[in-house]
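Novice: Could you put together the complete structure from these sequences and hints?
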Amino acid sequence: MLGRDNVLEILRKAIEYCVADVTQAAFGIGESSLTRFANSVIHQNVSERNAGLAVKAVIGKRIGYATTNRLDERSVRAVVDRAVEFARHSRENPDFVSLPKPKPVSAVDTYDERTAACSPEERADAVAGMIAEACNVGASAAGSLSNGCHEFAVANSLGVAAYNLSSSASLTTVMSGDGGFGYADRVSQRVGDLDPIGAAVEAATRSVQSRNPESIEPGEYDVVLLPYAVSELVEALGYLGLGALAVQEGRSFMCGKFGQKITGENVTIWDDGLDLRGLPRPFDAEGVPKQRVDLIVNGVANAVVYDSYTANKEGRESTGHSTGGVGTYGPMPANLFMQSGESSIGEMIAGTKKGILVTRFHYTNVIHPVLTVITGMTRDGTFLIENGKITKSLKNLRFTDSILERLSNVELISKETKRQGWAVVPAIKARAFRFTGATEF
Amino acid sequence: MRDLTEKALERVRELGASYGDIRIVRRTSESVEVKNGKVEGLTSETDEGFGIRVIADGSWGFASSLMLEADEIERVAELAIRIARASAQVAHEPVKLAPVEPAEGRFEFGIERDPFEVPVEEKIELLLNADRIMREVPEIKVARSSMNFWRTETVFASTDGSYIEQVKTESGAGIEATAVGEGEVQKRSYPSSFGGDFAVAGYEFVEALDLAGHAERVAREAAQLLKAPQCPSDVRTLILEGSMLALQVHESCGHPIELDRVFGTEASYAGTSFLTPDKLGSFRYGSEIVNIVADATSPGGLGSFFFDDEGVPAQRIDIVKDGIFVGYLTSRETAEKLGCKSGGAMRADGWNRIPLIRMTNINLEPGDWTLDEMIEDTKHGLYAEMVGSWSIDDKRLNFQFATEIAFDIEDGSLGQMYKNPTYTGITYEFWRGCDAIANQDEWHLWGVPNCGKGEPGQAMHVGHGVAPARFQNVRIGVMEAPSEEEDA
Chain H
6 MLGRDNVLEI LRKAIEYCVA DVTQAAFGIG ESSLTRFANS VIHQNVSERN AGLAVKAVIG
66 KRIGYATTNR LDERSVRAVV DRAVEFARHS RENPDFVSLP KPKPVSAVDT YDERTAACSP
126 EERADAVAGM IAEACNVGAS AAGSLSNGCH EFAVANSLGV AAYNLSSSAS LTTVMSGDGG
186 FGYADRVSQR VGDLDPIGAA VEAATRSVQS RNPESIEPGE YDVVLLPYAV SELVEALGYL
246 GLGALAVQEG RSFMCGKFGQ KITGENVTIW DDGLDLRGLP RPFDAEGVPK QRVDLIVNGV
306 ANAVVYDSYT ANKEGRESTG HSTGGVGTYG PMPANLFMQS GESSIGEMIA GTKKGILVTR
366 FHYTNVIHPV LTVITGMTRD GTFLIENGKI TKSLKNLRFT DSILERLSNV ELISKETKRQ
426 GWAVVPAIKA RAFRFTGATE F
Chain C
46 MRDLTEKALE RVRELGASYG DIRIVRRTSE SVEVKNGKVE GLTSETDEGF GIRVIADGSW
106 GFASSLMLEA DEIERVAELA IRIARASAQV AHEPVKLAPV EPAEGRFEFG IERDPFEVPV
166 EEKIELLLNA DRIMREVPEI KVARSSMNFW RTETVFASTD GSYIEQVKTE SGAGIEATAV
226 GEGEVQKRSY PSSFGGDFAV AGYEFVEALD LAGHAERVAR EAAQLLKAPQ CPSDVRTLIL
286 EGSMLALQVH ESCGHPIELD RVFGTEASYA GTSFLTPDKL GSFRYGSEIV NIVADATSPG
346 GLGSFFFDDE GVPAQRIDIV KDGIFVGYLT SRETAEKLGC KSGGAMRADG WNRIPLIRMT
406 NINLEPGDWT LDEMIEDTKH GLYAEMVGSW SIDDKRLNFQ FATEIAFDIE DGSLGQMYKN
466 PTYTGITYEF WRGCDAIANQ DEWHLWGVPN CGKGEPGQAM HVGHGVAPAR FQNVRIGVME
526 APSEEEDA
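In order, the protein sequence lines correspond to chains H and C.
In this text, residue positions in the first sequence follow the working numbering: the first is 6, and each later residue adds one.
In this text, residue positions in the second sequence follow the working numbering: the first is 46, and each later residue adds one.
Careful: at least some of the hints might be erroneous.
Claimed, not checked - Straight line, CA to CA, 25 angstroms or less: simulated DSS-like cross-link-like pairs of lysine-lysine:
(1) C/464 <-> H/262
(2) H/359 <-> H/108
(3) H/106 <-> H/18
(4) H/397 <-> H/358
(5) C/186 <-> H/262
(6) C/382 <-> C/366
(7) H/394 <-> H/359
(8) H/400 <-> C/366
(9) C/366 <-> C/386
(10) C/382 <-> H/66
(11) H/359 <-> H/420
(12) C/366 <-> C/324
(13) H/66 <-> H/318
(14) C/386 <-> C/141
(15) H/318 <-> C/186
(16) H/262 <-> H/318
(17) H/18 <-> H/108
(18) C/186 <-> H/66
(19) H/318 <-> C/80
(20) C/80 <-> C/186
(21) C/272 <-> C/464
(22) H/318 <-> C/498
(23) C/272 <-> C/382
(24) C/386 <-> C/498
(25) C/80 <-> C/464
(26) C/272 <-> C/324
(27) C/83 <-> C/213
(28) C/83 <-> H/106
(29) C/272 <-> H/262
(30) H/66 <-> C/83
(31) H/358 <-> H/394
(32) H/420 <-> H/394
(33) C/366 <-> C/186
Hints are computed from structural coordinates only; laboratory data are not their basis.
From a predicted model like this one, the values you see are computed outputs, not experimental measurements.
Specialist: Spelled out as structure tokens, the structure:
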């Protein structure tokens with residue numbers, strides 16, 4: 006670990022050397038390790054130490070950008086020179102106003118020493134425990150367990166200087182046997198929160214429940230979606246249209262809908278990069294502090310997230326959602342939350358006459374961004390619900406459906422939420438989900 | 046470099062490795078992106094480091110670092126060994142590798158015009174010209190054009206005695222027009238969607254694409270799509286244009302023939318494969334005219350190389366012969382399990398990733414038809430162009446793809462344009478319905494620079510040579526837009 010002062014010194018030197026009108030420098034350095042298992046043995050086991058320095062040089066309204074992972078003085082100067090050279094040869098961007106000015110950044114607890122120090126032997130022990138749970142039910146285990154730590158800092162010549170030290174840990178597992186599949190995953194800033202055995206028991210139990218799956222005709226069914234599945238829908242909304250650039254370019258489902266109902270009243274979605282229930286980060290890729298943004302409130306389209314470029318275009322403040330660097334995708338929500346309800350998965354099943362329980366989706370992709378139509382497969386535990394009970398395991402189904410339409414038909418929302426990917430979401434029960442195809446397993 | 050590689054290999058031998066290799070990789074890249082008349086991105090990247098892979102106590106270990114220094118090589122070698130021994134804590138069969146002849150030498154793909162020497166202004170002008178033409182169509186709200194270049198220099202050395210240096214330069218570009226209006230958002234691209242087309246080549250490849258020459262058509266068609274009717278729901282004859290068919294080959298053939306997937310080592314992430322070893326040599330994958338090869342020697346292919354990242358020479362391998370499934374993409378470890386030699390398909394996305402079995406150039410061999418003949422020969426069908434989106438199940442059976450645009454075929458002629466086209470099927474049923482493939486004149490090797498696989502994630506550059514082809518009894522028009530149903 007380099008530490009705050011050393012990291013900011015690297016940025017200060019790069020900015021000081023740069024002859025551009027305004028300069029931004031971002032620096033990340035870290036170590037990450039991942040132990041991967043399949044067929045109940047560890048088959049891949051890797052570790053990495055890497056770094057990156059990214060320099061954005063602004064001359065007038067012309068911008069150049071260069072990155073390197075070489076940290077010696079010569080390489081740092083070379084990457085600054087390259088960014089300046091590119092800026093000189095670029096064209097004026099009339100929409101560019103300014104890089105952000107400094108703002109106070111809240112302190113957020115994002116680091117755990119034990120997570121950063123987790124050894125290959127500790128990871129192997131945890132994996133061995135998970136494999137043992139699979140063996141107990143006659144299943145085969147696959148998955149991964151990772152840990153890492155990362156220092157990230159952003160500074161610019163207008164006075165921004167933000168630094169963060171973070172740790173991360175995650176595990177996923179798929180267990181299978183006799184045609185049954187079960188899944189579990191966990192993600193946290195603390196490896197101690199992962200509970201590998203709990204995750205293994207969850208996956209192993211579902212792999213047994215889902216054995217000997219039967220076919221069912223595709224069509225419209227009421228569904229109980231576990232948080233693994235709900236997170237795919239909420240995250241898809243995030244990248245499809247909850248960033249300001251998508252709205253400014255007219256390709257967001259939010260266009261022309263602000264203040265109007267776009268989902269059921271029981272759906273509220275927001276982004277909060279400081280909430281410890283998610284994976285918090287105190288500032289974005291431009292060093293702007295994270296703001297909570299209420300995106301959809303009681304079903305009404307309320308707001309989207311901004312970086313400095315899109316905010317300046319509308320004469321407003323960045324919400325701290327820059328994704329960094331260059332590129333045309335613009336700001337994105339990265340810490341999504343969906344409001345929990347009062348129900349439970351058990352109640353959802355008990356109240357369903359005929360429906361399908363979906364553990365998770367696989368390979369979802371967008372078919373129509375404005376109508377929020379996506380397609381994907383079910384995976385790792387799909388079940389038929391009849392008269393309030395799970396009656397059989399089902400072979401996987403393809404769905405093709407509108408997210409907003411489905412979120413307009415949510416009957417029940419669970420009280421319990423789960424941190425899943427970059428979202429914290431409940432389970433939901435929704436009416437008339439469109440399954441459009443089937444597969445052979 | 047050789048002193049560093051020898052130090053690494055000597056250290057892992059001392060520590061008890063039964064096998065070890067080191068890769069030192071330096072990658073330089075440049076991208077230029079223009080959007081709506083503005084230079085949105087002008088980026089230069091350099092990335093360098095090394096990775097050491099070992100087998101100790103019969104298990105794999107891998108460690109990597111950006112610091113290419115003697116002390117760091119020693120630390121990383123020791124960490125790789127420690128990680129391998131940790132892997133061995135879980136009971137397992139010892140890893141065995143199929144033999145490979147040691148190789149030595151320096152190998153570089155030739156190019157005509159070095160893209161890193163072409164002035165930035167020239168690149169910007171080329172893109173701005175296409176951008177300006179696209180924006181002359183009033184409905185175009187977002188005009189985007191981009192070009193990307195990569196140079197990858199790799200040194201590979203192994204305890205088997207190989208020392209191989211390779212240099213590869215890749216170039217590509219594309220344009221995209223997004224029209225907004227009528228409550229719709231529609232997009233057209235050239236020469237392919239999601240960034241364009243790419244090849245192992247220099248700047249001459251970008252110049253030959255003639256982006257500006259296609260900009261007006263691309264923009265006009267995007268605008269026309271706003272008013273086009275929704276693709277009908279039907280079962281029809283489907284003709285696929287080349288770049289769409291390239292993705293079909295990628296998803297429904299390329300991934301399921303990766304032998305690591307078949308053996309379950311990607312089960313928790315991307316999934317497994319329906320092409321299990323019991324099907325090898327007997328399973329009817331497609332109709333008799335379907336012949337697919339994995340060819341790492343195809344000139345200009347993004348999946349071409351001299352040696353893979355295990356030091357195995359590039360090869361051309363039959364995958365589907367006269368419709369029968371006959372071959373896999375293999376590594377030294379998986380080939381040993383099948384009792385054969387490696388087909389040389391192990392590649393890593395940089396110094397900090399382990400090699401995985403990756404597609405090379407997965408090519409559908411040309412047939413005897415022309416696209417025009419196929420259309421003339423079709424009574425009631427759909428012609429679909431360019432990738433919109435893609436999804437396929439975790440054994441690579443049930444797929445559903447969207448294309449940017451489609452046209453009715455009625456009595457041998459193209460007719461009505463449709464928006465939001467989709468088609469779906471089961472992989473082997475779809476390929477068994479293939480009854481016409483266009484000839485060598487219409488065959489093109491597409492470059493795909495974004496094939497994802499593995500944990501941590503890796504993006505690989507692969508190629509797909511195809512000519513347009515025809516498929517019978519395909520379900521089309523899966524998406525029934527909810528708002529339009531209500532309108533109807």
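Novice: Indicate, hint by hint, whether the structure satisfies it.
Specialist: Hints, one by one, checked against the model:
Simply put, residue 464 of chain C and residue 262 of chain H have alpha-carbon atoms about 23 angstroms apart, close enough for the 25 angstroms limit, and the pair holds. Taken as a hint, the residue 359 of chain H and residue 108 of chain H pair is broken in the structure, with Cα atoms around 54 angstroms apart against an allowance of 25 angstroms. With a C-alpha separation of about 19 angstroms, the suggested pairing of residue 106 of chain H with residue 18 of chain H holds against the 25 angstroms cut-off. Distance check on the hinted pair: residue 397 of chain H and residue 358 of chain H sit about 14 angstroms apart at the alpha-carbon level, within 25 angstroms; holds.
The hinted pair formed by residue 186 of chain C and residue 262 of chain H meets the criterion: a straight-line CA distance of about 19 angstroms does not exceed 25 angstroms. The hinted pair formed by residue 382 of chain C and residue 366 of chain C meets the criterion: a straight-line CA distance of about 23 angstroms does not exceed 25 angstroms. With a CA separation close to 9 angstroms, the supplied pair residue 394 of chain H and residue 359 of chain H stays within the 25 angstroms bound. Between residue 400 of chain H and residue 366 of chain C the CA atoms are separated by roughly 31 angstroms; this puts the pair beyond 25 angstroms, and the hint is violated.
As the CA atoms of residue 366 of chain C and residue 386 of chain C are separated by approximately 20 angstroms, the hinted pair is consistent with the 25 angstroms bound. Taking the CA atoms of residue 382 of chain C and residue 66 of chain H, the gap is near 59 angstroms; set against the 25 angstroms cutoff, the hint is violated. Proximity of residue 359 of chain H to residue 420 of chain H is assessed by CA-CA distance (about 23 angstroms); at most 25 angstroms being required, the pair is judged to hold. Under the criterion of a C-alpha separation no larger than 25 angstroms, the hint pairing residue 366 of chain C with residue 324 of chain C is consistent with the structure, at around 13 angstroms.
Distance hint between residue 66 of chain H and residue 318 of chain H is fulfilled; the C-alpha atoms sit about 14 angstroms from each other, no more than 25 angstroms. Between residue 386 of chain C and residue 141 of chain C, the direct Cα distance comes to roughly 12 angstroms. Compliance with the 25 angstroms bound is thereby established for this hinted pair. As the CA atoms of residue 318 of chain H and residue 186 of chain C are separated by approximately 16 angstroms, the hinted pair is consistent with the 25 angstroms bound. Proposed proximity of residue 262 of chain H and residue 318 of chain H is supported: the alpha carbons are some 20 angstroms apart, at most 25 angstroms.
For the given pair, residue 18 of chain H sits about 21 angstroms from residue 108 of chain H by alpha-carbon distance, which is consistent with the 25 angstroms threshold. The hinted pair formed by residue 186 of chain C and residue 66 of chain H meets the criterion: a straight-line CA distance of about 22 angstroms does not exceed 25 angstroms. Under the criterion of a C-alpha separation no larger than 25 angstroms, the hint pairing residue 318 of chain H with residue 80 of chain C is consistent with the structure, at around 16 angstroms. For a cut-off of 25 angstroms, the pair hint linking residue 80 of chain C to residue 186 of chain C stands: about 10 angstroms separates their Cα positions.
Restraint check for residue 272 of chain C and residue 464 of chain C: satisfied, since their Cα atoms lie roughly 8 angstroms apart, inside the 25 angstroms limit. Straight-line distance between C-alpha atoms of residue 318 of chain H and residue 498 of chain C comes to about 38 angstroms, which puts the hinted pair past the 25 angstroms bound. For the given pair, residue 272 of chain C sits about 56 angstroms from residue 382 of chain C by alpha-carbon distance, which is inconsistent with the 25 angstroms threshold. The suggested pairing of residue 386 of chain C with residue 498 of chain C holds, with an alpha-carbon distance near 23 angstroms, which does not exceed 25 angstroms.
A C-alpha spacing of about 24 angstroms is found between residue 80 of chain C and residue 464 of chain C, which places the hinted pair at or below 25 angstroms, so the restraint holds. Taken as a hint, the residue 272 of chain C and residue 324 of chain C pair is broken in the structure, with Cα atoms around 47 angstroms apart against an allowance of 25 angstroms. Note on residue 83 of chain C and residue 213 of chain C: the hinted pairing is violated, with a Cα-Cα distance of about 31 angstroms set against a maximum of 25 angstroms. Using a Cα cut-off of 25 angstroms, the hinted pair residue 83 of chain C and residue 106 of chain H holds, with the two alpha carbons roughly 24 angstroms apart.
Note on residue 272 of chain C and residue 262 of chain H: the hinted pairing holds, with a Cα-Cα distance of about 22 angstroms set against a maximum of 25 angstroms. Of the pairs offered as hints, the one joining residue 66 of chain H and residue 83 of chain C holds, with about 10 angstroms between alpha carbons and a cut-off of 25 angstroms not exceeded. About 8 angstroms separates the Cα atoms of residue 358 of chain H and residue 394 of chain H, which keeps this hinted pair within 25 angstroms; it holds. With a C-alpha separation of about 20 angstroms, the suggested pair residue 420 of chain H and residue 394 of chain H falls inside the 25 angstroms cut-off, and the hint holds.
At most 25 angstroms may separate the alpha-carbon atoms for a hinted pair to count; residue 366 of chain C and residue 186 of chain C exceed this at roughly 47 angstroms.
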